[in-house]
Structure formats: C-alpha cells, structure tokens
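**Q** Each chain, written out:
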Amino acid sequence: MQIKIRDLHKSYQGMKALDGLNLNIDDVRSLAIIGPSGGGKTTLLRVLGGLEKPDSGEIVLNGKAMRFDDASLFEHRKRIAMVFQSYNLFPHLSVINNIILPLTKTRQTEPHQARQTAEQLLDHFGLTDHRNKFPSQLSGGQKQRVAIARALALRPEVLLFDEPTSALDPEITADILEVINGLRSENRDLILVTHEIGFARHACDYVAYVSAGRVVTEGGSEHIYEHSESEEFRRFVSRIIGWKV
Amino acid sequence: MTDRVRKISAAFLVSAAIGLFFIYALLKLDYHWQWPVLLTTRYKFFMGFLVTLAISFFSLILSLLLGILAAAGRRSKPLFFRYLATVYVELIRGTPLLVQILVFFYIIGTAYQLTNRYVMGVLILSVFSGAYVSEIIRAGLESIPSAQIETARSLCFTRFQTYRYIIIPQLSRIVLPPLTGQFASLVKDSSLLSFIAVNEFTKNVMEADSLNFATFENYTVLAIGYLLITLPISWLTRRLERKMHYAD
Chain C
1 MQIKIRDLHK
11 SYQGMKALDG
21 LNLNIDDVRS
31 LAIIGPSGGG
41 KTTLLRVLGG
51 LEKPDSGEIV
61 LNGKAMRFDD
71 ASLFEHRKRI
81 AMVFQSYNLF
91 PHLSVINNII
101 LPLTKTRQTE
111 PHQARQTAEQ
121 LLDHFGLTDH
131 RNKFPSQLSG
141 GQKQRVAIAR
151 ALALRPEVLL
161 FDEPTSALDP
171 EITADILEVI
181 NGLRSENRDL
191 ILVTHEIGFA
201 RHACDYVAYV
211 SAGRVVTEGG
221 SEHIYEHSES
231 EEFRRFVSRI
241 IGWKV
Chain R
246 MTDRVRKISA
256 AFLVSAAIGL
266 FFIYALLKLD
276 YHWQWPVLLT
286 TRYKFFMGFL
296 VTLAISFFSL
306 ILSLLLGILA
316 AAGRRSKPLF
326 FRYLATVYVE
336 LIRGTPLLVQ
346 ILVFFYIIGT
356 AYQLTNRYVM
366 GVLILSVFSG
376 AYVSEIIRAG
386 LESIPSAQIE
396 TARSLCFTRF
406 QTYRYIIIPQ
416 LSRIVLPPLT
426 GQFASLVKDS
436 SLLSFIAVNE
446 FTKNVMEADS
456 LNFATFENYT
466 VLAIGYLLIT
476 LPISWLTRRL
486 ERKMHYAD
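Here the protein sequences line up with chains C and R, keeping their order.
With the numbering used here applied, the first sequence covers 1 to 245.
With the numbering used here applied, the second sequence covers 246 to 493.
Any given hint could turn out to be false.
[Unchecked claim] Capping the alpha-carbon separation at 20 Å, the derived lysine to any residue pairs in SDA-like fashion look like this:
#1 C:Lys133 - R:Arg487
#2 C:Lys105 - R:Arg409
#3 R:Lys322 - C:Asp70
#4 R:Lys433 - R:Arg338
#5 C:Lys53 - R:Arg409
#6 R:Lys488 - C:Lys53
#7 C:Lys105 - R:Arg487
[Stated by the list, open to error] Chain R is nowhere near these chain C residues, computed Cβ spacing over 10 Å in every case:
#8 Asn88
#9 Phe125
#10 Thr128
#11 Val158
If you're looking for bench data, these hints aren't it; they were derived computationally from the structure.
A virtual CB, placed ideally from N, CA and C, is assigned to each residue, including glycine.
Bound conformation, chain R alone (with noise of 0.2 Å):
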C-alpha cells in the first residue's frame, strides 16, 4: 500500500467513525431537522462570523505585541517595568475572563470614555490573550541555552544582533506551536464579548435563535463558523513550522 492510499483510508476510516457516533445519536433524538429556516437569518450569520473574523485579527496583532511586550518587562531590569509586567500576567491569567469584559467595559471604558464596544473588546481581548502570550515568549526565551548567548557575544555580535540572529529565529519555531492554541482560544473567546452587546458570531446566532427556534441548525453553523477560522491558523502554523524547521 501507497503512503498516500494509507494516509486517505486512516481518514475515511477517522471521518466515518466519528460520523457514525453522530448519526446514530441524531436517529436516537428523532429530531425534525429544519435546515432551510437558517436562509431566513443568513445576513445575521454572515454578519457576525465578519465582526468575529475582524476582532480576531486585531486582537491578534495587539495580543502579540502586549506579550512580547510584556515577556520584555518580565526580563528587563528595571524593578518597575519587572513588576509591571507580573502584576498584568497574574491578574489576567487569575480572573476569568468575563470578570475582566465587565470591569473594563463598564468601569474603566465608562470613566476613560473609552465606550465604543468594538474597540473595547478588541482591546479587552488582546489584554487577556496578551498575558498567556507573554508566558509562552518567555518560557521560550528560557528554553534557549545561556550558551547562545554568551557565544554570540564572543563572536562580537551586539545586543540587537544577537536578538536578530540569534534568538528570535530559535524563538519563533519554540513558541509557534503553543501560540497557535493561544490563538485558537482567543477567537474562541471572542464569543464572550456578547456580553457587552458586541454583534459578534456567538451572539447573532443565539439572536437568530430566537427569531427561527431552530436550535442545532444554528448551533452547528456557530461550530462551523468557529472551525472556518481555527483550522486555518493550525494549517498555518504547520506550514510556518516545517518551513522554520531544522532537525534537531
């Protein structure tokens, strides 16, 4: 047998089990199904997975840039900036999430006149993620032998060099795949922003839902929808991953 003859059967064989387990828990259910309705809400859905896609990509940029920042501040040596950044990365990692929505949205947003909800979640969001970045860049930062540093700098190599050449290229195949999952989480986690009335996918689809009542068809759009833009990043990263590759 081929490789590829292999590769294809294992996942006919994966895609046929588990759709079996669902089928044959949707027969037990004998639920109507009631796909045409969703056509009735498609603008809601489109509309939302749009917002979703939007505040995902922006709060991944700022997410990245907060951790970098923030795994900085951790190693950096003026006390202030050290504790600045610990006392970020443990709050946020030691509330839940939709603590910290309500209290910058209705709080801080309120007395700052931050109040367009867009932004703020953007923002709320990207401080969230932004602490478990700031983790995954400095457990990997830690990760790179002390070796390489101190060889760079027999070699003459300066302080930015050393970054340049050095340590960021071994840094970004260590923390891919880690922030790969941060970053699934985070569109995730998006969904919670419903709870400041941004139109966001989660929140248009249970608004639909109210409209068509038909509950598993919408919800399955939502896991599709959700799917649509997680499965990418993973196909990215891989892609990124064995292009960044080198045996070790």
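With the rest of the complex left out, here is chain C (with noise of 0.2 Å):
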C-alpha cells in the first residue's frame, strides 16, 4: 500500500492529538505504527479509517486523496476495515451472523452468498464449532478472531487494528499475533497499532514511532532498531525491551 500524510493537525477540547504529522510510505504491506500512551496513534489509526476527521492536513491513501465530509468518509470506510481493541462484537448476534449482517446490509452481498463467505472465514480460524454461539459465550481470543473474520469478509483494500492484542493474555496474544502475521503472509495490506515491540519488528514491514502527535521516527523493519537516529525511540524501544526475557 501507499499512504502519503502531510501536515495532519487534529485536536480534542483544546488537547492536541495530532500535531503536524507527516508519512510517506511506499510499497508497504505492513505498516506498524508504535509509541507511547497518548501520543497519537489511534488518533491516526481512527483517521485513516474514517472515523474521525482531521482539522486540517491531507491524507492520500493508495493513490486516492481522502476528503473529510460525511459521503466521502462513508465511502472511504468501504475501502477499510477495522479490528477493535474490545473486539466490538454486535452481542446479540450470533458468531455466524456478526459475519453474514454486515455483507448482506451494507455490501449488498446475496445471502447464500455472504453465508459461504462467512463458513469459509470460520472454517479457516477454527470458528467452525462455534458458529452459533453468540459473543459472550466466547473466550477473548475467539472473540477477536471472530471480529478478525468479520473484517476480512468486507474484502477490504487496507485491514487497521487498533491495539487488538492489548486486552488478551499473553499466550493468546501470541494466538492472534499469529493470526494476523498469516494475513501478512497472504499479501494482505495492514496496519497495526501496537505495543507489541516484538510483533512489529519481526512481522511488519515498516514502523513508524508516534509520540506528541507526530511520526518522530519511521524506517524499514530490518535497520530502524538498529540504526535510529532518534534518542527517544531507542529509549522507548529499550526500556520495552529492557523487560522482556
């Protein structure tokens, strides 16, 4: 994918989230966008995915500049699909139907035809027995499987996470982290928000540090861990690290 930002500025009440962010990317399948706690990730994350609008600056996603008025939000969220933190499962469908609802209602896609789809994407995470069930029935890690499926069936040009391992235990981090390096492995474009370092620097193509509401630092996966310039992210970085077995 290819994502050119210039100049993004958003602020909430006052509260500058996003101040003055610049990204240009290439040819990227994987972007991992990381930093610290209030810096501006999601911010950037609910903006590329029409979700919020920014007070000013441009956004050219694969070639297509994004305008910010209501329709051409509506339809830019038809080119993306998101995965939440807290997994957003609607509870009062069933697995199978938090699937088959979205296709059907807002794709327009024939019944027979998004419930093929549906069974495909279960059959495919393992879901299979637990089609049925409804949300709350499920562990936190099926949970987010299920919503991984749910945007998957959208055919999306571009899939964004938000944090999607950050309410999950490590072993089933681990089980989704996997889960998404396959999507990677099936050339499939995304964009991740993450605290997992580790993640980011062994499955993602490309990072890009976000703190005080701009990119302090970007690069290739191989060499940015390495050969920073940026004081701040080798700091950021180490003391993550620092921690870990």
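Starting from two chains that each stand alone, build the complex the way the hints lay out.
**A** Listed below in structure tokens is the structure:
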C-alpha cells in the first residue's frame, strides 16, 4: 500500500492529538504504528479509518486523496476494515451473523454468498464449532478471531488493527499475532497500532514511531531498530525490551 | 426429587402460606360473606372491566409512541425538541396524575373542545405514562456502549440500519422488564379516570358497592379483575424476554 500524509492536525478540546504529522510510505505491506500512550497512534488510525475528521492536513491512500465530508468518509470506510481492541462484536447476533449482517446490509452481498464467505472464514480460523454461539460465550481470543473474520469478509483494501491484543493475556496474544502474521503472508495490506514491539519488529515491514502527535522516526523493520537516530525511539524500545526475557 | 416436583411443592407452599395468612384474618373478622349478591351487579362489573381493558390497551400503544418520541426528542440536536421533551418529562413525572387528569380534562379539554371522556382518558393516561416510558427508553439507549454504534459506523451501516439492526434489538431486550412494570402501573392508574366520570372498572365497582353494600366482595372482584390484565402482561413479557435472550 501507499500512504502519504501531510501536516495532519487534530485536537480534542484544545488537546493536540495530532500535531502536524507527516508520513510517506510506498509499497509497504504491513505498517506498525508504535509509540507511547496518548502520543496520537490511535487518533491517526481512526482518521485513516474514516472515523475521525482531522482539523487540517492531507491524506492520500493508494493514490486516492481522502476527503472529509460525511458522504466521502462513508465511501472511504468501504475501502477499509477495522479491528478494535475490545473486539466490538454485536452481542445480540450469533458468531456467524456477526459476519453475515455487515455483508448483506452494507455490501449488498447475496445472503447465500455471505453465508458461504462467513463459513469459509470461520473454518479458516478454527471457529466452525462456535458459529452459532453468541459472543458472550466465547473467550477473548475467539472473539478477536471473529472480529478479524468479520473484517476480512468485507474484502477491504487495507485492514486496520487498533491494539488488537491489549485486552488479551500473553498466550492468546501470541495466538492472535500469529493470525495477523498469517494475513501478512497472504499479502494483505495492514496497519497495526500495537504495544507488541517484538511483533512490530518481526512481522511488520515498516515502523512509524508516533509521539506527541508526530512521526518521530520511521523506517523499514530490518534496520530501524539498530540504526534509528532518534534518541527517544531508542529509549522507548529499550525500556520495553529491557523488561522482556 | 425432580425439578418439576420441587417447583410444584414450592408453589403449593407459597399459596398455602399466603392463603392461611388471609383466612386467619377473615376468620377473626367474623364477616358474613354474601357472594351471590354480586350477581345482581355483574353487568356493571363486566362493562367496567371491558372499559378498563380498552383504555389500557390504547393508552399502552399511545404511551409507547409518545415515549419513543420524547426519548428521541431528548437526544435530538435541535434545542427546541430537546427542551420540549425535557419539560414534558419533568412536568409529568413531577406532578400527581390526579392533577393532570383535572387540568387536562377541565381546562385543556374544555378550551380545545375535547369533551369525549373516554378519548380524553386515553390521551391523559398516555401522556402520563409516556413520560415514564421515555425515561426507560433513554436509560436503555444510554446503556448501549458507544463502541457498538462506532463499530456499525466503521462497517458502513447507515444511521437507519444502525438503529434497525444494532440498537433496537439490543434496546428491546434492555427495556422490556421495566416497560412491563410501567404498563402494569398504567392499568392500575387508569382507575383515577373515575374522577372525570369515565365508567371504568373501579368506578363501576364503587357504584355497585353503593347498591349491594357487599364491600369486601366487590373489591375482591376488583383485585381479581386487575390481576386478569396485569398477570398476562407479565407472562407475555417473560416469554418475549426468553425469546430475545442472548447469553451475557
């Protein structure tokens, strides 16, 4: 995918979440956005996802400039799909209907085709036995798999993940990260806001370190961790890695 | 012991305990029961019951509509509608139904030439109950996490679709139990319409009482009559609740 962001600003009640953010990437499959809490990562992802309007700035995604009126954002959201930290499944729908409903209602897919898509995805993620359960009957990891399946069913141009493992325990985290890594090897374009530095390092092609509303440093995963000139980034990474075994 | 036997014996014990409690009180009273005289006023009972049933039915539907409108008003953007809905809810919930009945019927009804007691009865009850229904719906809407609406938005549901497929199904389940309580109250509150000479159940029973003087018998009929309306409402909602159940 190709993303060009120029001078992006966004404030909430005087608090600057994005403060002139620039990012320019070309031909990247998976982008990891990392950085301290409150640094603007999630705001950036929400703007990219068409859920939030920036105060000013430009975004070009895969050659198409984003416009921020309601109708354009609605169309933009059809190009992307989001997976949230707290899964956000619909509690009143069964697992399979969580996947089918958006397809039939917002993508005008024929019901039998939607069902087929849903069944294939559930099978792919080992959820076939759970297809008729309600979200409340699933574990956190299973819920997140359903959420990922729901996003994939929409065949988005780009998949956005907002801290998809923050609510999960370490073992399940590893499991979900593996699922995401699987998507990457299927050559899907994805953007991932994450605290999992190790995953960002090994499974994402490109890293943008966002802090205080800007991209402080960015680069390909192979060398940024060794060669970044940003003192802040190095401190951030070493502080996290320092506590890991 | 099977589950069924346990349930039946528990129900039996509860009935026996309550029954004995009242039978003892009645025996102490030394009251001479005269059930047969009720037959002389059976037509009054029956007509009153039918009127209460009809008034309750129409008020229930109208109060639901008013409640939905007021809840929507309180969440709407234009200040006019928001204030209108707020004033409506606060005024109605803050004043006695009896006062509302008198004001609406004798002042507003007279001024606007709405003089049919039965129509006015239904309108007044609906306005009264609608304020409570609106608060039940508003509380229900507020208890649906905003993440649900945002997720629907990110999946490209339109506003209408979000309500239709995401919010209303979740909302119905949340508001059903408190709505049942509200509707049971509505049925009983309809007795106050006797103040504007609506010939509903309570008024007819009171009239019968002035003819046959069998006070306890008359009011027993009254209690049973209201239970005949309120119990099916509870029963129906419990069935609906089970039908809408999704584990949480």
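**Q** Hint by hint, note whether the structure agrees.
**A** Going down the list of hints, with the structure as the test:
1. Simply put, Lys133 (chain C) and Arg487 (chain R) have alpha-carbon atoms about 16 Å apart, close enough for the 20 Å limit, and the pair holds.
2. With a CA separation close to 11 Å, the supplied pair Lys105 (chain C) and Arg409 (chain R) stays within the 20 Å bound.
3. Taken as a hint, the Lys322 (chain R) and Asp70 (chain C) pair is honoured in the structure, with Cα atoms around 17 Å apart against an allowance of 20 Å.
4. With a C-alpha separation of about 17 Å, the suggested pair Lys433 (chain R) and Arg338 (chain R) falls inside the 20 Å cut-off, and the hint holds.
5. Between Lys53 (chain C) and Arg409 (chain R) the CA atoms are separated by roughly 26 Å; this puts the pair beyond 20 Å, and the hint is violated.
6. Of the pairs offered as hints, the one joining Lys488 (chain R) and Lys53 (chain C) is violated, with about 41 Å between alpha carbons and a cut-off of 20 Å exceeded.
7. A hinted pair counts as satisfied when its Cα atoms are at most 20 Å apart, and Lys105 (chain C) with Arg487 (chain R) does not qualify at roughly 27 Å.
8. Chain R draws Asn88 (chain C) into its interface by the beta-carbon criterion, the shortest separation being 4 Å against a cut-off of 10 Å.
9. With a minimum CB-CB distance of about 18 Å to chain R, Phe125 (chain C) clears the 10 Å threshold, and the non-interface call stands.
10. For Thr128 (chain C), the condition that its CB be more than 10 Å from all CB atoms of chain R holds, with the nearest at approximately 20 Å.
11. With a cut of 10 Å on Cβ distances, Val158 (chain C) stays outside the contact zone with chain R, its closest approach being about 13 Å.
The structure fails hints 5, 6, 7, 8 (numbered hints given earlier, in ascending order).
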